[in-house]
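Student: Spelled out, the chains give:
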Amino acid sequence: MAKLILSMDGLVLKEIPLSKERTTIGRKPHNDIQIDNLAVSGEHAVIVTILADSFLEDLGSTNGTCVNGKTVKKHFLQNNDVIELGKYKLKYISEAVPGAAKAADFEKTMILRPGAMRKPPEPPHPPAAAGAPPGHAPAAPVAAAGTPKSHADTQIGITAASVAAAAATPPAPPTPVRHAMLKLLSGANTGKELELTKPLTTLGKPGVQVAVITRRPQGFFITHVEGANKPIVNGKPIELQAHALNDHDIIELAGVKVEFFFKP
Amino acid sequence: MDLSQALEIVSHTDPGMVRSNNEDSVASLAEKGLAVLADGMGGYNAGEVASGMATTVLTTELRQLLEEHAPHELDPQSGKKAAQKMLQEQVAKVNTSIYQAAQSQPQYAGMGTTLVVVLFYDNKMMAAHIGDSRLYRMRGDEFSQVTKDHSLLQEQIDAGMLTKEQAKHSSNKNLVTRALGIDPAVEPEIHEYDTLPGDIYLLCSDGLSDMVSDDDIGMALQALGANLELAAQQLVQMANDNGGRDNVSVILIKILREFPAGHGLASKLFGWFR
Chain A
1 MAKLILSMDG LVLKEIPLSK ERTTIGRKPH NDIQIDNLAV SGEHAVIVTI LADSFLEDLG
61 STNGTCVNGK TVKKHFLQNN DVIELGKYKL KYISEAVPGA AKAADFEKTM ILRPGAMRKP
121 PEPPHPPAAA GAPPGHAPAA PVAAAGTPKS HADTQIGITA ASVAAAAATP PAPPTPVRHA
181 MLKLLSGANT GKELELTKPL TTLGKPGVQV AVITRRPQGF FITHVEGANK PIVNGKPIEL
241 QAHALNDHDI IELAGVKVEF FFKP
Chain B
265 MDLSQALEIV SHTDPGMVRS NNEDSVASLA EKGLAVLADG MGGYNAGEVA SGMATTVLTT
325 ELRQLLEEHA PHELDPQSGK KAAQKMLQEQ VAKVNTSIYQ AAQSQPQYAG MGTTLVVVLF
385 YDNKMMAAHI GDSRLYRMRG DEFSQVTKDH SLLQEQIDAG MLTKEQAKHS SNKNLVTRAL
445 GIDPAVEPEI HEYDTLPGDI YLLCSDGLSD MVSDDDIGMA LQALGANLEL AAQQLVQMAN
505 DNGGRDNVSV ILIKILREFP AGHGLASKLF GWFR
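Protein chains in written order, with our numbering: chain A, 1 to 264; chain B, 265 to 538.
In case anyone wonders, no lab produced these hints; they're calculated from the structure.
Quick reminder that beta carbons are idealized off the backbone N, C-alpha and C, glycines included.
Hints are not guaranteed to be accurate.
To be verified - 27 Å max Cα-Cα, derived DSSO-like pairs, lysine-lysine: (1) K91/A - K28/A; (2) K257/A - K230/A; (3) K388/B - K344/B; (4) K428/B - K412/B; (5) K412/B - K205/A; (6) K73/A - K89/A; (7) K91/A - K412/B; (8) K428/B - K3/A; (9) K91/A - K432/B; (10) K28/A - K3/A; (11) K428/B - K230/A; (12) K432/B - K198/A; (13) K14/A - K91/A; (14) K20/A - K432/B; (15) K183/A - K70/A; (16) K14/A - K73/A; (17) K205/A - K257/A; (18) K198/A - K518/B; (19) K3/A - K432/B; (20) K91/A - K20/A; (21) K412/B - K388/B; (22) K20/A - K357/B; (23) K70/A - K14/A; (24) K432/B - K73/A; (25) K183/A - K230/A; (26) K70/A - K20/A; (27) K344/B - K357/B; (28) K87/A - K183/A; (29) K198/A - K87/A; (30) K432/B - K70/A; (31) K89/A - K70/A; (32) K73/A - K428/B; (33) K428/B - K70/A; (34) K198/A - K428/B; (35) K236/A - K183/A; (36) K20/A - K73/A.
Said to hold, decoys possible - Covered stretches of chain A (in silico footprint by chain B; criterion: 3 or more residues with CB under 8 Å from a CB of chain B, positions within the stretch not fixed): (37) 50–57; (38) 196–204; (39) 210–218.
The shape of chain B in the complex, shown without the other chains (with noise of 0.2 Å):
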C-alpha cells in the first residue's frame, strides 16, 4: 500500500552552531509510512557511523519487509501486530550490526546512537524508541510529547527527585540510559497509537528539545502546520537562534487523510468479484 498521499513527510538536519560534524541521521519513505531518525554519539566520526548505520538499515530492511507483510497483520507465533514484530527484530538486528562494528574496528569503540522509529499503518502509527530522541504529537490545538526520554534526567524525574522545571537546570543533561549498539542486547519502546487526519508529528534529536522549549515547538507547527517545509526549517533556526549547541533534526509527518488498510489477501479477492 502506497501512503505517499496520505502522509507529507519533510526532514531537516543541522550541524548547529558549536559542532563541526553532523552525528545525526534522518531517513524517511513516505510510500512506505516509514520515518528515522537516529541521534549517534563516539569519538570522532564514529556517532555518525552509528547513526548512519541506524537510519540506513532500518529503512532498507523494513522496505523490504514492507513488500512482503503488511504491518497490521497478526503474527501468527506471537499474537503481535507484524509492525511490533518488524520494528523489534529490525532494531535488534541494527544494534547487533553496531555492536558488532564497534567491538571489532577500535576507530568505533564505544560508539552508539539513540532511535526514534515511525512506521503508519491502517490509520494507526507504531513507534520505537530508545534514548532520549522524542516524538511529539500535535493534535488541534495540543501540542504533547508521545515519547519519555531514557535518561538519567527522565529516571530522577519519575523518581521525584527533581520536578520538570528543575530539570531544565539540571547539569545531567545528555545522558541515556539506553542506546543503540552498546549492549548485545537492547529493548526498544515499542508502542501503538491512532492517527487522526490534521495530526502532525515531530521526530526530533535532543539538539530540538534542550534547546527549544516545548511550548515555542509546539507554538512554531501551530502557526506554521499549513506550510510543514517551513515549520522544520523554523524549527532548526529557533534551536540554532538559541545557541544551537547540538545538532539538530527534525522530521515533519502530517497525516492528510485517513489510510485504512485493505484487509489481507481475501478482501483482496473478494474486491475482484464486487
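Excised from the complex, chain A in its bound form (with noise of 0.2 Å):
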C-alpha cells in the first residue's frame, strides 16, 4: 500500500498508509491528516486512490500545493513525489508489499468485475484532465471505487502491489551503449553520414531491394526485406535471418556501398 511520511525540517512526524479511496489533508479536525497550522487551509487538499495509482488535488487551498516545487491543482502521484503545505513536506512512497507476488506475475491481465467498479460517471466538461474544475473531478474515482470491494479485492490486491513496484521504475528501452553510423562509399551522395538512431533503419529502393537493419540491446542486425537479392556484407551474401554487424563492415544493396561503424 502506498503511503505518506509527514515531517517538518526534515523530522519524520507520522507515516499515513493511504488506506482509503479519500485521504482528506487540512487544518479542520476532521480531515484524515490534520497538519495546525495556519499556513494550511481548512480543507486544503485531498489525495484520492484507485488501486494502485493516487491522485492529489488541491481543494483551493489559500496558499496552494506544491508537488517537487511545482505548485499543482491536480497531479498524479509518482514514487517519491514530495508534496509541501507550507513547512510541512509530505513524502509520497508508492510501496509493494515484499514477497507478495513474483516478478511473473507483474503484467498479469486481471478482469475488474463490473460489479466492483462503477464507471465513472460522464465528465459534465470535456475531458481536459488539467482544466477539469477542481471540485469536480474527485467524484469520479470514489464513486469509482464504490462499495462492493471485497470480492475483487484478492485479485487486485495482488497486481495492485506487485505493479506498484514495476511502476516506481518505468521500463527503459534498453539501448546499445555504443552509437553506430553509416557512410556511403559510392553512388550520387558518396561520403554522405547516416547516424542509425532509430529502432529500424531501411536501406534500398522499394520493389526492388530493401533491407533493414535494427538496433537491439545486442547491437545491431541487417536483415533482408523484399527483392531477388540479398544484401552482401564483406561480400557475402547474408543467409535470410538477421545478420549482425561488426564495426567497418561493408554492405552492398541495390548497387550501393556503405560501411557500418561505430561512432568513436
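Starting from two chains that each stand alone, build the complex the way the hints lay out.
Tutor: Below, the structure written as C-alpha cells:
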C-alpha cells in the first residue's frame, strides 16, 4: 500500500498509509491528515487512491499545494514525490508489499468485475484533465472505488502491490551503449554519413531491394526485407535471418556500397 | 468466396522473456477472411484454456457459418449484416462455453480471455473486440489504433483523470473491464470498416502494446510492410528486447487487392446467362 511520510524541517512526524479511497488533508480536525498550521487551509487538499494509483488534488487552498517545487491543482503522484504545504512536507511512497507476488506476475491481465467498480460518471465538461474544476474531479474516483470491493480485493490486491514496484521505475527500453553510423562509399551521395538513431532503418529501393538495420540491446543487425538479391556484407550475401554487424563492415545493396561503423 | 488471394495473413506468438507459458492464442483462415486473437487470464494454465477455446471455437463455428451464409448479406429479421450477427452470436456462444467450463471445473475457476476478431468480406472488415487486445491499421503513412480498450486505464483516460502520456506510468495497467467467460453474458464491441488495398491490419495482445510504443510499431510496419513475416517477427522481437514481460502475439493482415462480393444467388444466376 502506498503511504505518505509527514515531516517538518527534516524531522519525520508521522507515516500515513493511504488506505482510504479519499484521504483529506487540512487544518480542521475532521481531516484524515490534520496539520494544525495557519499556512494550511481548513480543507487544503485531497488524495484520491484508485487501486495502486494516487491522485493529489488541491481543494482551492489559500496558499496552494506544491509537488516537487511546482504548484499543482491536480497531480498524478509518482513514487518519491514531495508534497509541500507551508513548512510541512509529505513524501509519497508507492510501496509494494514485499514478496506479495513474483516478478512473473507483474503484467498479468486481470478482469475487473463490473460490480466491483462502477463506471466513472461522464464528466460534465470535455475531459481536459488539467482544466477540470477541482471540485468535480474527485467525484469519479470516489464513485468508482465504491462499495462492493471485497470480492475483487484478492485479485486486485496482488496486482496492485506487485505492479507498484514495476511502476516505480518505468521500463526504459534498453539501448546499446554504442552509437553507430553508416557512410556511403559509392553513388551520388558518396561520403554522406547517417547516424542509426532509430530502432529500424531501411536501406535500398522499395520494390527493388530493401534491407533493414535494427538496433537491439545486443547490437545492430541487418535483415533482408524484399527483392531477389540479398544484401552483401563484406563480399558475401547474408542468409535469411538477421546478420549481426561489426565495426567497419561493408554492405552492398541495390548497387550502393555503405560502410557500417561505431561512433568513436 | 475464397479470400486467400486478396489477403495475406501472418501470425506470430511468443511467451515473452519472463513467463514460461503462453496464455495467448491466435488463429486465422485466409480463405474465409478471418483472424482471431485472444489473451487468456486465470490461474495455472486456465488462461491458455480460455484463449484456446475462444480461438478454436470461433474459427470452427465461423468457418461452418461462412459456408452457409454470405457475410455481406442482410439478415431479414434484424436488418443487420450477417457478419455482425454471426460474430455477435458466436462470441456469445464462446462466452457461455468458457463461463460454464469455469463454473463446473474447479481448476478453471475464474478463467477468462480478451478477444479481437476480424472478418473480411466485400471490401469491408467487421471487427469485434472485448478487453485490451487491440486492432491497429496502417493506411499509407498513417498508423492508428482502431479499437478502444475495455480497461480501467482507458476509462480513466476517457473521464479526463489521466492523459495518454500519464497512463504509461500508471500502476493500474492490465485491469480489463470486460472479458470473455467471466460473466454469463458479455457485450462485444462490433464495428464495420471499409478496407483499401495496401492496408495492413495488426491484431495484438497487450504484450506488444504495453512494451512497444505505437510510434515504434508504426515504424516497423512502415519499414517492413513489404515482408509481413519479417514484420511480425520484428514486432515480437521489439517487445522482447524491451523486456518482454508478457506473452506477445501479433496477427498481420495485408489487403493485396479488392475483394467485392458477388451479390447473392440472383447475381450468380444472372452470371450464368451472361
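Student: Hint by hint, note whether the structure agrees.
Tutor: How the hints compare with the structure:
This hinted pair checks out: K91/A and K28/A have alpha carbons roughly 21 Å apart, not beyond 27 Å. Proposed proximity of K257/A and K230/A is supported: the alpha carbons are some 13 Å apart, at most 27 Å. Taken as a hint, the K388/B and K344/B pair is honoured in the structure, with Cα atoms around 14 Å apart against an allowance of 27 Å. A hinted pair counts as satisfied when its Cα atoms are at most 27 Å apart, and K428/B with K412/B qualifies at roughly 13 Å.
Annotation: proposed proximity of K412/B to K205/A is violated, straight-line Cα distance about 36 Å (limit 27 Å). Between K73/A and K89/A the CA atoms are separated by roughly 17 Å; this keeps the pair inside 27 Å, and the hint holds. Note on K91/A and K412/B: the hinted pairing is violated, with a Cα-Cα distance of about 35 Å set against a maximum of 27 Å. Taking the CA atoms of K428/B and K3/A, the gap is near 25 Å; set against the 27 Å cutoff, the hint holds.
In summary, the hint linking K91/A to K432/B is supported, as the alpha carbons are separated by about 22 Å, within the 27 Å threshold. For the proposed pair K28/A and K3/A, the alpha carbon gap of about 21 Å is at most 27 Å, so the pair holds. Between K428/B and K230/A the alpha-carbon distance is near 41 Å, which puts this suggested pair outside the 27 Å criterion. Between K432/B and K198/A the CA atoms are separated by roughly 21 Å; this keeps the pair inside 27 Å, and the hint holds.
Restraint check for K14/A and K91/A: the C-alpha separation of about 11 Å stays at or below 27 Å, so the hint holds. A C-alpha spacing of about 24 Å is found between K20/A and K432/B, which places the hinted pair at or below 27 Å, so the restraint holds. A hinted pair counts as satisfied when its Cα atoms are at most 27 Å apart, and K183/A with K70/A does not qualify at roughly 46 Å. Proposed proximity of K14/A and K73/A is supported: the alpha carbons are some 24 Å apart, at most 27 Å.
Using a Cα cut-off of 27 Å, the hinted pair K205/A and K257/A holds, with the two alpha carbons roughly 14 Å apart. Between K198/A and K518/B, the direct Cα distance comes to roughly 24 Å. Compliance with the 27 Å bound is thereby established for this hinted pair. Distance hint between K3/A and K432/B is fulfilled; the C-alpha atoms sit about 22 Å from each other, no more than 27 Å. With a C-alpha separation of about 17 Å, the suggested pairing of K91/A with K20/A holds against the 27 Å cut-off.
Between the alpha carbons of K412/B and K388/B the distance comes to roughly 19 Å, so the proposed pair stays at or under 27 Å and holds. With a C-alpha separation of about 40 Å, the suggested pair K20/A and K357/B falls outside the 27 Å cut-off, and the hint is violated. Pair hint K70/A plus K14/A holds up; C-alpha atoms about 23 Å apart against a cutoff of 27 Å. Among the hinted pairs, K432/B with K73/A is consistent with the structure: their alpha-carbon atoms are about 21 Å apart, no more than 27 Å.
Among the hinted pairs, K183/A with K230/A is consistent with the structure: their alpha-carbon atoms are about 20 Å apart, no more than 27 Å. For the suggested pair K70/A and K20/A, the alpha carbons sit about 26 Å apart, so the restraint of at most 27 Å is met. Proposed proximity of K344/B and K357/B is supported: the alpha carbons are some 19 Å apart, at most 27 Å. A distance of roughly 58 Å separates the Cα atoms of K87/A and K183/A; the hinted pair therefore is violated under the 27 Å criterion.
Restraint check: the Cα-Cα separation between K198/A and K87/A comes to about 46 Å, which exceeds 27 Å; the hinted pair is violated. A hinted pair counts as satisfied when its Cα atoms are at most 27 Å apart, and K432/B with K70/A qualifies at roughly 22 Å. For the suggested pair K89/A and K70/A, the alpha carbons sit about 13 Å apart, so the restraint of at most 27 Å is met. Taking the CA atoms of K73/A and K428/B, the gap is near 19 Å; set against the 27 Å cutoff, the hint holds.
Between K428/B and K70/A the CA atoms are separated by roughly 21 Å; this keeps the pair inside 27 Å, and the hint holds. Proposed proximity of K198/A and K428/B is supported: the alpha carbons are some 23 Å apart, at most 27 Å. Between the alpha carbons of K236/A and K183/A the distance comes to roughly 19 Å, so the proposed pair stays at or under 27 Å and holds. Simply put, K20/A and K73/A have alpha-carbon atoms about 21 Å apart, close enough for the 27 Å limit, and the pair holds.
For the region 50–57 of chain A, the stated coverage by chain B is satisfied: 5 residues place a CB nearer than 8 Å to a CB of that chain, which reaches the threshold of 3. For a cut-off of 8 Å, the count of residues in the region 196–204 of chain A with a CB near a CB of chain B stands at 5, and the three-residue condition holds. Here the region 210–218 of chain A counts 5 residues with a CB under 8 Å from a CB of chain B, which clears the bar of 3, and the coverage holds.
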